[in-house]
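Trainee: Chain by chain, the residues:
2 protein chains.
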Amino acid sequence: MAIWHSIEKPTLLLNSDIARRNIRRMNEKAKAQKIRFRPHFKTHQSAEIGEWFREEGIQTITVSSLDMAEYFARYGWQDITIAFPVNIRQMDTLQNLAKRIHLGLLIESPEVAQLLGQCLKSMVDIWIKIDCGYGRTGISWNQPSEVAALITEIRRIPQLNLRGILTHAGHTYIASSQEIVRRYREAIERMNRLRNELGEFGSLEVSVGDTPGCTLAGDLGEVDEIRPGNFIFYDAMQLHFGVCHPEDIAVALACPVVARHPNRNEVAIHGGAIHLSKDYFKDGEQAIYGLVALPEGDNWSKPLPNAFVRGISQEHGMVHLSSANMQSVQVGDLLCIIPVHSCLTVHAMRSYLTLDGKIISTLNKD
Amino acid sequence: MAIWHSIEKPTLLLNSDIARRNIRRMNEKAKAQKIRFRPHFKTHQSAEIGEWFREEGIQTITVSSLDMAEYFARYGWQDITIAFPVNIRQMDTLQNLAKRIHLGLLIESPEVAQLLGQCLKSMVDIWIKIDCGYGRTGISWNQPSEVAALITEIRRIPQLNLRGILTHAGHTYIASSQEIVRRYREAIERMNRLRNELGEFGSLEVSVGDTPGCTLAGDLGEVDEIRPGNFIFYDAMQLHFGVCHPEDIAVALACPVVARHPNRNEVAIHGGAIHLSKDYFKDGEQAIYGLVALPEGDNWSKPLPNAFVRGISQEHGMVHLSSANMQSVQVGDLLCIIPVHSCLTVHAMRSYLTLDGKIISTLNKD
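Protein sequences, first through last, are from chains P and C.
Numbers in our numbering are just positions in the first sequence, counted from 1, shifted up by 3.
Numbers in our numbering are just positions in the second sequence, counted from 1, shifted up by 3.
Incorrect hints may appear among the rest.
Claimed, not checked - Below, computed lysine to aspartate or glutamate pairings styled on EDC-like, alpha-carbon distance capped at 20 Å: (1) P:K12 x C:D70; (2) P:K285 x C:E288; (3) P:K368 x C:D70; (4) P:K12 x C:D95; (5) C:K285 x P:E182; (6) P:K12 x C:E73; (7) C:K12 x P:E73; (8) C:K12 x P:D95; (9) C:K368 x P:D70.
Unchecked claim - Covered, in the sense of this in silico footprint (three residues per stretch, anywhere, with C-beta under 8 Å from a C-beta of chain P), are these stretches of chain C: (10) 183 to 191; (11) 208 to 221; (12) 288 to 299.
As the list claims (entries may be wrong) - Here are some, though not all, of the chain P residues that point toward chain C, as calculated from beta-carbon distances under 8 Å: (13) R77; (14) Q81; (15) V89; (16) N90; (17) A276; (18) Q317; (19) G335.
Hints listed in this document are in silico derivations from the structure and should not be mistaken for laboratory results.
Treat the numbers as computed from the prediction; the structure is a model and nothing was measured.
Think of the CB as a built atom: it goes at the ideal place given N, C-alpha and C, for glycine as much as any other residue.
Let's have the full structure, built from the sequences with the hints guiding it.
Mentor: Right, dumping it as structure tokens:
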């Protein structure tokens with residue numbers, strides 16, 4: 004096939020059919036349950052891929068930084084939530100963007116609410132960031148009085164339109180598939196308990212979002228909005244935790260083999276931390292930095308049995324292969340590495356090559 | 004100070020005085036021992052910083068990819084070793100570069116030597132990659148007959164000028180400071196034992212290179228060339244293993260504080276895996292993703308006691324602080340994070356801000 008021949012160095016492959024199917028599937032699931040779908044665009048980071056969402060009728064999106072919000076606003080997205088605590092050092096840029104689009108912001112402290120009140124000239128939507136157990140950011144779900152005090156403050160500030168409470172159930176990433184569903188439900192329950200306790204403030208929306216929970220939970224529960232991102236591509240980590248099947252994974256990093264070590268069933272590839280990121284998961288004692296597939300027709304194969312990236316440095320990957328694969332793989336061949344964490348690999352690579360040979364750019368490589 | 008005020012988002016700070024002192028120190032050490040200094044430019048990746056080496060009289064450099072070699076060749080570097088096994092899929096680009104500069108290549112198999120013979124029209128220097136125990140790439144140091152067979156092959160090919168044997172003693176990265184020196188000496192011993200066993204082939208050079216060994220070993224030993232890279236900036240990992248002092252570290256990532264969690268002595272910063280990389284070291288059971296300093300006059304402070312980045316996701320860092328620092332650090336303040344692995348942080352950030360407010364670009368951000 005033409006694309007295999009043209010690849011000289013680490014190249015991020017994108018199967019656009021799979022990505023589009025993943026988008027449709029999650030969109031239909033949300034629609035059927037009458038839940039607003041606000042996909043997180045930090046995974047693909049691409050205006051062109053954004054259009055695939057637009058084709059499905061999606062108008063509302065999530066991003067992880069103000070820079071990313073500005074990028075997608077340039078491409079016509081008018082309703083964007085920045086799912087990251089407001090960085091008050093960027094107030095001028097924020098104000099500028101708030102003038103032009105319908106902007107949603109996350110806050111978790113009265114000081115930031117007050118500062119927004121002093122600086123903003125346009126209305127913004129406000130979501131209060133709740134920590135449902137992940138322990139990263141947000142007010143703990145079991146501190147309703149703290150949330151109530153913040154709401155009281157927000158209500159005093161005319162530019163702030165309080166929409167509701169928002170959480171990222173990120174702790175679903177470190178669990179088995181049953182555990183993922185159980186924890187997703189627990190997060191929904193906690194958010195609704197908090198919403199009820201805040202009943203005096205009128206109707207508040209609940210926004211949740213993570214790929215494992217939104218994929219595995221048949222019933223998305225009593226929420227107004229979901230914000231998963233990774234589901235467009237999935238990755239080796241999601242496969243490992245039973246969130247997706249191999250045929251749901253839409254990206255792979257094509258890497259040239261540069262050395263063979265048959266005595267230890269290993270090859271070295273050009274493809275390291277600066278391409279894949281250093282994310283890994285543990286399979287027993289073994290750290291896994293990627294799974295391994297082969298070019299196969301105009302796609303990559305299923306992951307090879309007993310094959311994985313066992314370690315990476317800046318430019319190298321050290322790949323363990325089965326004895327059978329070891330014999331056939333030669334220096335100069337390509338391996339297709341299924342990344343452990345597709346969001347970070349996409350960010351590192353900054354552009355895609357589709358299986359029909361088209362280059363798709365991202366925020367960082369326009 | 005002007006620079007603190009101007010910083011709105013994660014920004015890689017560079018103390019150029021420290022970096023220049025680190026360059027001078029390593030250069031003088033090599034010169035005093037009559038060893039060729041061929042610094043690895045994968046750490047700084049910047050033409051402008053390259054000039055600081057040139058000012059010290061350095062003409063020979065190491066890079067980790069053909070792209071990086073092309074970049075530095077554009078900026079007048081004429082003697083470059085690509086310390087990465089030849090990627091035969093890039094043969095045309097390689098041939099093009101070999102025409103223009105004095106190029107050194109690494110090989111470890113007769114097949115690649117033969118392919119170079121078929122494709123190259125210009126002379127290149129050849130280094131045989133030796134594995135001294137790191138287990139990444141190269142022929143094992145205790146397989147002299149395999150090396151001899153490869154040399155015989157190389158000697159048959161007129162475009163290949165065999166220079167010697169080369170190793171990256173990368174396993175020094177996972178050891179204590181005494182252990183680092185012991186292993187550096189062991190690697191030198193193994194390389195020289197191999198060189199002696201290959202005596203029939205005439206004089207072969209020995210090239211070694213890693214920052215921990217080259218920094219800590221007073222006597223660099225019987226080698227012809229050293230190729231450390233990280234020493235220009237050092238980082239939290241090198242500090243942890245006793246390779247450098249806090250005042251030797253030349254880079255820090257300035258990160259805005261976006262949320263405070265006094266109940267657990269933590270703040271959240273804008274600064275995550277896409278800025279720092281996901282590299283970490285373990286201090287006991289605790290994974291450390293960065294050390295923490297504060298802006299102090301026109302520099303950053305020493306690392307704060309009992310403070311570290313305890314976890315990172317795509318854009319966030321979760322920072323543990325002492326109770327005293329917790330009280331004074333406010334939302335909107337900057338923390339200066341000492342990266343765990345400066346090479347990867349530089350690659351992720353793609354440009355620097357010097358302490359006197361100058362932007363320095365890299366290969367990936369011209």
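Trainee: None of the hints should be skipped; say for each whether it holds.
Mentor: Cross-check of the supplied hints:
no., hint, result
1, P:K12 x C:D70, "holds, 10 Å"
2, P:K285 x C:E288, "holds, 16 Å"
3, P:K368 x C:D70, "holds, 17 Å"
4, P:K12 x C:D95, "holds, 13 Å"
5, C:K285 x P:E182, "violated, 28 Å"
6, P:K12 x C:E73, "holds, 14 Å"
7, C:K12 x P:E73, "holds, 14 Å"
8, C:K12 x P:D95, "holds, 13 Å"
9, C:K368 x P:D70, "holds, 17 Å"
10, 183 to 191, "violated (count 0)"
11, 208 to 221, "violated (count 0)"
12, 288 to 299, "violated (count 0)"
13, R77, "violated, 18 Å"
14, Q81, "violated, 23 Å"
15, V89, "holds, 7 Å"
16, N90, "holds, 5 Å"
17, A276, "holds, 6 Å"
18, Q317, "holds, 6 Å"
19, G335, "holds, 4 Å"
The structure shown violates the earlier hints numbered 5, 10, 11, 12, 13, 14.
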